[in-house]
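Visitor: Spelled out, the chains give:
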Amino acid sequence: MTNQNKRRNQRRNDGKTARSAAYRAPERSEPVSPRRRGLLDSLFAPRAAGSHSMPSIRSSLARGIVTVAGTPVIAMAGVAVVVLEWLGALALGYEGPFALFLNALALPPVGTSFDASLSTSLFGLQGGFIAILGFVAFRAIVQAVLVAMIVDVLRGGSVGRWTFMRALGALPVTLAVNIGGVGLLTLASLLGPALGPAFGLLIQMAALVGGVYLLSFAPVIAVDERRRLSEAMGRSVRAARMPGAGNLTLSAIYVIASIALLVVPSKPGSQLGVNPAVSAWVIVLVANLLHLVMQATVAFRYLSVADEVPEPAPRARPDRGRRR
Amino acid sequence: MAALRSPSAPVGALFAALTLLLPGSMGATALAQASSTWGEFQGGPARAGASETGPEPPYRRAWETSVAPEGPDERFGLSAPVIAGDLAISVGPEHVVAVDVESGEPSFSVDRDLGPSVPGAVASVRGADVLVYTQGWGAGPPAAPGATTQSPSPATPSAGPSDSPGAPGDDGQVFDSELATLDVESQRQLWPPVPLDGVSRSGVTVEGDRAFVGLNGGTVVGVDLADGTVAWQRDLDGQLVTSLAASDGLVFAGLQGDGETPPVLAAIDQATGEVRWRYEPTGAASIVSAPSVADSAVHAVFTGLSETSVVALAAGTGEQIWSQRLDSAFDVAAPPVVAGGAVYVTDPRGQSRALDAASGEQRWDFAQNSIVLRTVPVLVGDHLIVPTIDGELAAIEVATGELVWRGVADGSPIRAMAVAGERLIAVSGGAQNGFVAFEHDPAGTLVREPSPTTLALVPMLGAMAVVAIPLLALVLLLGRALASRMGPAFPDDAGSADGGPDDDGVPIRDPWEDDEEDPTR
Numbered sequence: 001m002t003n004q005n006k007r008r009n010q011r012r013n014d015g016k017t018a019r020s021a022a023y024r025a026p027e028r029s030e031p032v033s034p035r036r037r038g039l040l041d042s043l044f045a046p047r048a049a050g051s052h053s054m055p056s057i058r059s060s061l062a063r064g065i066v067t068v069a070g071t072p073v074i075a076m077a078g079v080a081v082v083v084l085e086w087l088g089a090l091a092l093g094y095e096g097p098f099a100l101f102l103n104a105l106a107l108p109p110v111g112t113s114f115d116a117s118l119s120t121s122l123f124g125l126q127g128g129f130i131a132i133l134g135f136v137a138f139r140a141i142v143q144a145v146l147v148a149m150i151v152d153v154l155r156g157g158s159v160g161r162w163t164f165m166r167a168l169g170a171l172p173v174t175l176a177v178n179i180g181g182v183g184l185l186t187l188a189s190l191l192g193p194a195l196g197p198a199f200g201l202l203i204q205m206a207a208l209v210g211g212v213y214l215l216s217f218a219p220v221i222a223v224d225e226r227r228r229l230s231e232a233m234g235r236s237v238r239a240a241r242m243p244g245a246g247n248l249t250l251s252a253i254y255v256i257a258s259i260a261l262l263v264v265p266s267k268p269g270s271q272l273g274v275n276p277a278v279s280a281w282v283i284v285l286v287a288n289l290l291h292l293v294m295q296a297t298v299a300f301r302y303l304s305v306a307d308e309v310p311e312p313a314p315r316a317r318p319d320r321g322r323r324r
Numbered sequence: 001m002a003a004l005r006s007p008s009a010p011v012g013a014l015f016a017a018l019t020l021l022l023p024g025s026m027g028a029t030a031l032a033q034a035s036s037t038w039g040e041f042q043g044g045p046a047r048a049g050a051s052e053t054g055p056e057p058p059y060r061r062a063w064e065t066s067v068a069p070e071g072p073d074e075r076f077g078l079s080a081p082v083i084a085g086d087l088a089i090s091v092g093p094e095h096v097v098a099v100d101v102e103s104g105e106p107s108f109s110v111d112r113d114l115g116p117s118v119p120g121a122v123a124s125v126r127g128a129d130v131l132v133y134t135q136g137w138g139a140g141p142p143a144a145p146g147a148t149t150q151s152p153s154p155a156t157p158s159a160g161p162s163d164s165p166g167a168p169g170d171d172g173q174v175f176d177s178e179l180a181t182l183d184v185e186s187q188r189q190l191w192p193p194v195p196l197d198g199v200s201r202s203g204v205t206v207e208g209d210r211a212f213v214g215l216n217g218g219t220v221v222g223v224d225l226a227d228g229t230v231a232w233q234r235d236l237d238g239q240l241v242t243s244l245a246a247s248d249g250l251v252f253a254g255l256q257g258d259g260e261t262p263p264v265l266a267a268i269d270q271a272t273g274e275v276r277w278r279y280e281p282t283g284a285a286s287i288v289s290a291p292s293v294a295d296s297a298v299h300a301v302f303t304g305l306s307e308t309s310v311v312a313l314a315a316g317t318g319e320q321i322w323s324q325r326l327d328s329a330f331d332v333a334a335p336p337v338v339a340g341g342a343v344y345v346t347d348p349r350g351q352s353r354a355l356d357a358a359s360g361e362q363r364w365d366f367a368q369n370s371i372v373l374r375t376v377p378v379l380v381g382d383h384l385i386v387p388t389i390d391g392e393l394a395a396i397e398v399a400t401g402e403l404v405w406r407g408v409a410d411g412s413p414i415r416a417m418a419v420a421g422e423r424l425i426a427v428s429g430g431a432q433n434g435f436v437a438f439e440h441d442p443a444g445t446l447v448r449e450p451s452p453t454t455l456a457l458v459p460m461l462g463a464m465a466v467v468a469i470p471l472l473a474l475v476l477l478l479g480r481a482l483a484s485r486m487g488p489a490f491p492d493d494a495g496s497a498d499g500g501p502d503d504d505g506v507p508i509r510d511p512w513e514d515d516e517e518d519p520t521r
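Note that the protein sequences, when read in sequence, are chains A and B. Going letter by letter, the first sequence gives residues 1 to 324 in this note's numbering. Going letter by letter, the second sequence gives residues 1 to 521 in this note's numbering.
Treat the hints as calculated values from the structure; they're not laboratory data. Note that the structure is a prediction, hence the values are computed from the model and not measured. The beta carbon of each residue, even a glycine, is placed where N, CA and C say it ideally should be. One should not assume that every hint holds.
What the hints assert, rightly or not - Simulated coverage check for chain A against chain B, where a stretch passes if three residues somewhere in it have a Cβ under 8 Å from a Cβ of chain B:
hint : segment
1    : 71-82
2    : 276-282
Unchecked claim - Incomplete in silico selection of chain B near chain A, CB under 8 Å:
hint : residue
3    : 53
4    : 348
5    : 367
6    : 452
7    : 459
8    : 466
9    : 478
Claimed, not checked - Computed footprint of chain B on chain A, listed as stretches where at least three residues anywhere in the stretch have a Cβ under 8 Å from a Cβ of chain B:
hint : segment
10   : 61-68
11   : 87-96
12   : 119-126
13   : 148-161
14   : 208-222
15   : 265-273
Kindly generate the complete structure, drawing on both the sequences and the hints.
Guide: If you want it as structure tokens, here you go:
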């Protein structure tokens, strides 16, 4: 067993091993596991106040930049995926606009909305509902590999063949996260019109922010800790909801920036066409590298607090003794 | 006036976006018995929108004639032009206006009851050119006293459909919509106006000795041109807001869906008014374009949230010949242009497509990347002429699908056009409301520009490489500099990279191998 995996197993087993990160962590209290009180309690229960080692948004982003920019294979993989995806879309008959690919590597469900747009553009609304499964599967594979690369680099290792094995292990989680993104978007698109046009955009944005906020840690958990799907998802939600962590703020900033860039009128690549200009390539590739930076940021934030994420509260069991 | 039947969202939103904005550029062109040239909307009763002759690109403006906007708040412009002899005639909100084709000099302006600016049709009756047109707006247009319908678009009148033709409006008025005639030479009416049971936005279609008008509530009326007698009246049950087409003894009408019922294309016998067939698309369409006819086939575009398709139906039976799916919504006012074995459609994004008339297969497409809405392209000779909402005029060579000429946009939308000899007569809206004539410009230059949707693989990859290589180099240099300053993310974990021996000197093995659990779990 490698040192890296020994440490991973140790963390996984005791979950509370103290580690040092590259920044000064504040003193923290032991995580509290209040008793679970019912359906969705893990999502909606009040959060206990406490300190934690979650890095600030600024230092997280800096680490994300260093991780992506300092690792040639990650940066090149990001660019290669965008180019291959563009060529694949062309082969399927896509005629633009190229600017849609601004969110090709976005975190789900922002990235999932890109899949939905591309799918319906190519196959219509009805055909697109089926075809989106293929796009989501592709995104899940890409995300698993990229997250595995990022986690390995953050852990001080390098990208190797076992990175891909870990990516394979995380595939069920990335698939679930992306399918969850489709579900969120579908729900939002149904709820939006029902609540009125004024709420439509709000609901859509809330779904995107909520998805990034609650699900973005799950692939990192799956890669780093090799947890089951349900454990990874639950742990992602608990990590996201750690009080004072700023995860919601980061998610909102990320989603708003992603959507804002997409809707900017008259930007390069916003017209129909299959031969993007140099300026269009610049903004699309830079935007997707920034999405990778966000993925690395999320991974760094989780790894920094992995030991502090509260375990799930035990389920309440009926007291059989009293019945007797 | 009756209120517009409110389509449910989201179909209603799509319907509203595409139908409410289309105004009065649909119209009629009729050949009828005599009119030799572009006597109806899109050239004739078949609405094919094609002329074998006409000015070739490049173009220049021959003349412009301003016409003051009319109607409530003076916001409404002219209908699509039709040609009668040397005159180009357009129906405005309160006047029928004619100008000389060669000079643009005003010829006549005849009062008209306020109504939607929809084109009339030129017919030959007893040897004279007669313009047949509709007038009147019932309880009044939107924003006028008594109005009950949605707001119209500037510079183009529109009206909501009636829910019960003949019923009084909110202010107690009854509909005063009429079918009227005008002798082009004497400007006298041929017969007294024929009362209609509702407002019409279809314009007039003339074939043979009969004129056909569609009412907003879904009724089609056949009127004998000789004496103005209503020959028949047929309720088709649906919203009828686009032009009718006529050919092969039949009248074709597109009825809009309302969220609960699908759009329908219906064929009516010109002689009896009996419905010969009705066609409903198999997909979930919600609106249908105005139809056009050529070679005994009817063409229309069905648009919905789930799919858009161009269909070709056998004119006699309504059987589907082919259906071609497209990835864009379409303006219902524009019937497909059909000529030379091809069907041409242009979507609001300015992407024109040529489809094989026999199979529906796409021959080419050209993405103009300008908004083409509330206007209709025409085919002149070998070129598809596409006007845009910002006043640009483009000519696409139909043999190759390449752009050969593009005029400078002046910001005033070009509506429908008519071909008159060596003139291309257009109606424009906005600041330049009125007529505009284009002619061949011998000093102009042609270009040859492929569609942006035609892949040029090597240049495209070249552009990508030009960006990707320096970008990656820059990023990696930056990353190296930053990484040396920041150090590892988790120092405790550093130095344990795969590929070297571990602390015990044991060679690296599969990290999953010594785990108890399945890593792919």
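Visitor: Next, verify each hint and record whether it holds.
Guide: We went through each hint and held it up to the structure:
1. Requiring three or more residues with a Cβ within less than 8 Å of a Cβ of chain B, the coverage given for the segment 71-82 of chain A holds, as 5 such residues are present.
2. With 5 residues bearing a CB less than 8 Å from a CB of chain B, the segment 276-282 of chain A meets the requirement of three and the coverage assertion stands.
3. About 32 Å separates the beta-carbon of residue 53 (chain B) from the nearest beta-carbon of chain A, more than 8 Å, and the hint is not met.
4. Residue-level restraint check for residue 348 (chain B) is violated (minimum Cβ-Cβ distance to chain A is 12 Å; threshold 8 Å).
5. Taking 8 Å as the C-beta cut-off, the interface hint given for residue 367 (chain B) holds, the closest approach to chain A being about 4 Å.
6. Interface restraint check: residue 452 (chain B) against chain A, minimum CB-CB distance 3 Å, threshold 8 Å, status holds.
7. Contact between residue 459 (chain B) and chain A, as hinted, is supported at the beta carbon level, the nearest pair being about 6 Å apart and thus within 8 Å.
8. Interface hint status for residue 466 (chain B): upheld, as the beta-carbon distance to the closest one in chain A is roughly 6 Å, under 8 Å.
9. Nearest Cβ of chain A to the Cβ of residue 478 (chain B): about 5 Å, under the 8 Å cut. The hint holds.
10. Taking a C-beta to C-beta cut-off of 8 Å, the segment 61-68 of chain A contributes 6 residues in contact with chain B, enough for the three needed, and the coverage statement holds.
11. Here's how the segment 87-96 of chain A fares: 3 of its residues keep a CB closer than 8 Å to some CB of chain B, so the rule of at least three is met and the hint holds.
12. Under a criterion of three residues with beta carbons nearer than 8 Å to beta carbons of chain B, the stated coverage of the segment 119-126 of chain A is upheld, 5 such residues being counted.
13. Residues of the segment 148-161 of chain A lying with their CB closer than 8 Å to a CB of chain B number 8, which satisfies the three-residue condition for coverage.
14. Counting residues of the segment 208-222 of chain A whose C-beta lies closer than 8 Å to any C-beta of chain B gives 0; at least three are required, and the coverage claim is violated.
15. Proximity of the segment 265-273 of chain A to chain B, defined as three or more residues with a beta carbon under 8 Å from a beta carbon of that chain, is established by the 3 residues found.
Checked against the numbered hints given earlier, the structure breaks hints 3, 4 and 14 and satisfies all the rest.
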